[in-house]
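Engineer: Given chain E, put chain P in place with the hints provided.
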Amino acid sequence: AQSVTQLDSHVSVSEGTPVLLRCNYSSSYSPSLFWYVQHPNKGLQLLLKYTSAATLVKGINGFEAEFKKSETSFHLTKPSAHMSDAAEYFCVVSFNQGGKLIFGQGTELSVKP
Amino acid sequence: DTGVSQDPRHKITKRGQNVTFRCDPISEHNRLYWYRQTLGQGPEFLTYFQNEAQLEKSRLLSDRFSAERPKGSFSTLEIQRTEQGDSAMYLCASSLTSGNTGELFFGEGSRLTVL
Numbered sequence: 001a002q003s004v005t006q007l008d009s010h011v012s013v014s015e016g017t018p019v020l021l022r023c024n025y026s027s028s029y030s031p032s033l034f035w036y037v038q039h040p041n042k043g044l045q046l047l048l049k050y051t052s053a054a055t056l057v058k059g060i061n062g063f064e065a066e067f068k069k070s071e072t073s074f075h076l077t078k079p080s081a082h083m084s085d086a087a088e089y090f091c092v093v094s095f096n097q098g099g100k101l102i103f104g105q106g107t108e109l110s111v112k113p
Numbered sequence: 001d002t003g004v005s006q007d008p009r010h011k012i013t014k015r016g017q018n019v020t021f022r023c024d025p026i027s028e029h030n031r032l033y034w035y036r037q038t039l040g041q042g043p044e045f046l047t048y049f050q051n052e053a054q055l056e057k058s059r060l061l062s063d064r065f066s067a068e069r070p071k072g073s074f075s076t077l078e079i080q081r082t083e084q085g086d087s088a089m090y091l092c093a094s095s096l097t098s099g100n101t102g103e104l105f106f107g108e109g110s111r112l113t114v115l
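Protein sequence lines, in the order shown, are assigned to chains E and P.
Here my numbering is used: the first sequence runs in plain steps of one and ends on residue 113.
Here my numbering is used: the second sequence runs in plain steps of one and ends on residue 115.
Here chain E stands alone, though its shape is the one from the complex (with noise of 0.2 Å):
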């Protein structure tokens, strides 16, 4: 069955480190994936995508994502967090071009000043 499972719950950093949220998925076949971030009353948006071209994704607000097919893994990763970045991180799964997404528990992560 595809799935996908993001590791932690909670992640908490203090504005100006390093994020790091991790994401692995369980699949058969070759996926598309990407990240979606929901802030408070907002709707979700995309972040980034992976979908079999450059291993190394970027997206936007400086984010970026790591395809590791030996380690089932699409950790996302910032090299400093801001205030602005406090909201809730989707790790998505799509197994068929233009069909359902399969959405993680989610990642929410919290920024200290």
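Think about it this way: if two alpha-carbon atoms lie no more than 20 Å apart in a straight line, the pair counts; the simulated SDA-like pairs of lysine to any residue are: (1) E:Lys42 to P:Met89; (2) E:Lys42 to P:Thr2; (3) P:Lys11 to E:Asn41; (4) E:Lys42 to P:Arg22; (5) E:Lys42 to P:Phe45; (6) P:Lys57 to E:Ser3; (7) E:Lys42 to P:Thr113; (8) E:Lys42 to P:Asp7; (9) P:Lys11 to P:Gln84; (10) P:Lys11 to E:Pro40; (11) E:Lys42 to P:Glu103; (12) E:Lys49 to P:Glu103; (13) E:Lys42 to P:Pro8; (14) E:Lys42 to P:Ala88; (15) E:Lys42 to P:Gln41; (16) P:Lys11 to P:Glu83.
By construction, these hints were calculated from the structure, which means they are not laboratory data.
Structural biologist: The following block gives chain P in isolation, referenced to the frame of chain E:
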């Protein structure tokens, strides 16, 4: 605003009542999706349409739930005989089919509270 819009944004109802949510997708998008999100969880897929055809339904979608997209534009999600367990955020999203790499555009959701 040309994004996905949902109405109402918040609905409070008593157990046993019927509720209906509406979603207006981005105008050129032919795929429309419904998801449900409960507190502390990621969104769960409910169903999706390509134009007016309902292509897939999750087993989460009990027979009390029905979704329609009669003219391939807006969609409605109706919940009959609501239960307290139906309390959740109902999210709508839309996308293009051709050239689509799975990116969905989400609305801000309709929050349902069943008392």
